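Protein chains in written order, with the numbering used here: chain C, 1255 to 1479; chain P, 1255 to 1479; chain R, 1255 to 1479; chain B, 1255 to 1479.
These are calculated hints, taken from the structure and not from any lab test. Be careful, since some hints might not be right.
All copies of an identical chain are treated as equivalent in the list; a pair is satisfied when it fits inside any one copy or across any two copies.
[As the list claims (entries may be wrong)] Derived BS3-like pairs: lysine-lysine, alpha-carbon spacing no greater than 27 Å straight-line: (1) K1292 x K1261; (2) K1435 x K1261; (3) K1435 x K1285; (4) K1285 x K1261; (5) K1435 x K1292.
Values in this document were obtained by computation on a predicted structure and should not be read as measured data.
These are the residues of each chain, in order.
There are 4 protein chains.
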Amino acid sequence: MPWDELKPRTFAAFDRELDGISRQTMEEHYKLYEGYAKKANECRRILNELDYAQAEGNQVYSPLRAVSVDYTFALLGYKNHDLYFGHLGGEGGPPRGRFAEVVEAEFHGGLDVWQDSVRKAASAARGWVMVGYDLNDGSIFNYIMDSQNLWAVYNMVPILAIDVYEHAYVRDFGATPDGRKQYVEAFFRNLEWDHVNRQLVQAEAARRGASESGAREPEPAGSPA
Amino acid sequence: MPWDELKPRTFAAFDRELDGISRQTMEEHYKLYEGYAKKANECRRILNELDYAQAEGNQVYSPLRAVSVDYTFALLGYKNHDLYFGHLGGEGGPPRGRFAEVVEAEFHGGLDVWQDSVRKAASAARGWVMVGYDLNDGSIFNYIMDSQNLWAVYNMVPILAIDVYEHAYVRDFGATPDGRKQYVEAFFRNLEWDHVNRQLVQAEAARRGASESGAREPEPAGSPA
Amino acid sequence: MPWDELKPRTFAAFDRELDGISRQTMEEHYKLYEGYAKKANECRRILNELDYAQAEGNQVYSPLRAVSVDYTFALLGYKNHDLYFGHLGGEGGPPRGRFAEVVEAEFHGGLDVWQDSVRKAASAARGWVMVGYDLNDGSIFNYIMDSQNLWAVYNMVPILAIDVYEHAYVRDFGATPDGRKQYVEAFFRNLEWDHVNRQLVQAEAARRGASESGAREPEPAGSPA
Amino acid sequence: MPWDELKPRTFAAFDRELDGISRQTMEEHYKLYEGYAKKANECRRILNELDYAQAEGNQVYSPLRAVSVDYTFALLGYKNHDLYFGHLGGEGGPPRGRFAEVVEAEFHGGLDVWQDSVRKAASAARGWVMVGYDLNDGSIFNYIMDSQNLWAVYNMVPILAIDVYEHAYVRDFGATPDGRKQYVEAFFRNLEWDHVNRQLVQAEAARRGASESGAREPEPAGSPA
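Extracted from the complex, chain C is given alone in its bound form (with noise of 0.2 Å):
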């Protein structure tokens, strides 16, 4: 499909109270979402309208990779916030559905060492924990992201994004270690399940499509040694 805009859409969690996250918190971090869509689009409208034929392509400092790499920030701010704000507004409670399924059954461990796991990364994150779902191998991983563009991975579905950031939990928990891990609990007390589930579902969907698209390299003969 043609590139076109991206467009900050409502979200359900705006609708409701949450439980400890408040609806101040709320209400700035969504006009952070607006900013990231825009100058997404901003930067996405620069890049087409580039005279390629002219422009100058350096490594050191070009505008060309000046307006590509920063894209890709405001491009993940706008992804990231966008699953992080359909997630909320939930009952909250244990996993369930598909996603405790595929953890217990294919997660290192299983669901109650991935329940650990995810609390811990979300400490060790400067910016975002991403439940990705890969493609290549249909394996779930816990990726820690310090910005909404430093250390992403292609070829991945995300499944399930808490934000760390410290927007999310200052104003209602402190900025402190403390303070960040209440606010993965509160996080997780307003997570609607059905939402991750939907995008396990998803995610699962793509890689079948891959894989009986029948796309495939054929196997070489030789080997590289």
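Given chain C, work out where chains P, R and B should sit, using these hints.
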């Protein structure tokens, strides 16, 4: 699927002479790919075997965060090179097949603009150019990556990967910006467009699969403001 | 000098009421500073005690590289905040003393331009603005830092440090760009210019000291081309 | 001092044959150094000429932030290589002079441990090893840098710079980890220890100068807790 160890595989490109890219460059390059697989496996095993009930989750320094972050460097080091070696060994020529169709119809400016833009991106990147298909909106974009894992995005399927790390071209073309340009032309002379087209067919099928899964968020009634 | 452990110290700013920056923000902020000192010490001890004859040096992943990299995050987390807390507790007002003199005489555009430029930099940074004195050429520049250690430069003495991490302002001013702007004005209302001037006097003395040491490279006769 | 344009200078290393590092590598390498100077000047001029009253300060994307960030890449690209080329053209051998004295007396483990540790750091870095003298505490540390500007620290004077970017060694030693190790040994065989000692003498004089300036913060009476 439970995670399984990455295994370096064989590539047709190693069975033939490439035009301008020496066998020595390719063989040294393959050793780096083996190193990424080995380190990705080492990191993932460390993370699988952590005692998460006891492990420290600290965002300044903790083994958990360090291994998680460098795992993505190793993992994309593997994924990037797996794609890159798969591309080589072809007859080059202008883009053809599904990739040419889609870029002509949907990339801003069409195929001619894309051909200029990808070359400029290859001069402006510090590590890789990754032409990717966005699973959210189905658009194609030239992502500039500054290392194996800097500025990747998720929910994106890679279609065409150009390694512009110096190991890919210094021996054959020299370390200068002009040397890199000559290398990029050699890359295109050796490109197997069928491989690129298979990547794109998989990506489109993945997006269709996700869409047909019906796992879609219900529209919220309210509005955030 | 042999390395010695970093010790969090006390600051005059914590003895008085600041204008617009709450005690709660300051106290939580101080806990982060203590955390940086603790982690810097932990990392440096690990590195001091490594068996370097046996240790693996691997650029993809090795404990050596992981600890070395995050040590700089911890170290600059300490240095940045040490400077920042030292700045606060003053009477604000326009720049005065040596800093005003030097900026008026030497910064491109003079003092008025600098006052605009540092505010714009504070909106454009993701972590810190560090006004630094370059020991090579003696010029003053507003460095934009995206985290505790992203985009620092060496052979530079920091003169004025503005923390624009969200922990510095979200509680008191909100997480939005406008909230940050109000915070930056509050920072300047509480700034002790004497402290800034002492930093600059030290920086100039350091450069003079290096210059008077006479440890200068002899000019080579030839030319590289 | 007002900022002045960086000018690539000449180095004794280009007047003689180096042991193991080819003239072709050195000449291509010098072109990169010229490129860094040119881009540093371009970025600084853009920043000097911005209309800061009107300029957008935006942390997601703004030309101000993009140019400021890549300026540090260009500036350290220049500073790093200026030091590196200054080191080469010597007789190598074990560390001697002031550097040997200070490392033996103050580096944790002494000179033998340092000799192992710097080699392991050179294998573990993705861009540079920068042996630096900290102006705060006078200690010496092997900083690992992943690019021209990733993980630098300020208030530090560089003493010894080892370029481990692939452009420094691929042509002469191959792109593999073993190739890099051979290159690092060649670097030490060509090292002019006098140059390193001059850097250290300057660093110590800078610290003494700052200390003797008497520009010291008065101790606060209170305590933060």
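Regarding K1292 and K1261, is the shortest C-alpha distance of 27 Å or less found within a copy, between copies, in both, or in neither?
For K1292 and K1261, the Cα distance is within 27 Å only inside one copy (8 Å; across copies 40 Å).
Is the C-alpha distance from K1285 to K1261 at most 27 Å within one copy, between copies, in both cases, or in neither?
within (13 Å within a copy, 39 Å between copies)
Within, between, both or neither: how does the pair K1435, K1292 come out at a Cα-Cα threshold of 27 Å?
between (31 Å within a copy, 19 Å between copies)
Between the shortest in-copy and the shortest cross-copy C-alpha distance, which are at most 27 Å for K1435 and K1285: within, between, both, or neither?
both (24 Å within a copy, 15 Å between copies)
With 27 Å as the alpha-carbon cut-off, assign the pair K1435 and K1261 to within, between, both or neither.
between (32 Å within a copy, 26 Å between copies)
The structure agrees with every numbered hint stated previously.
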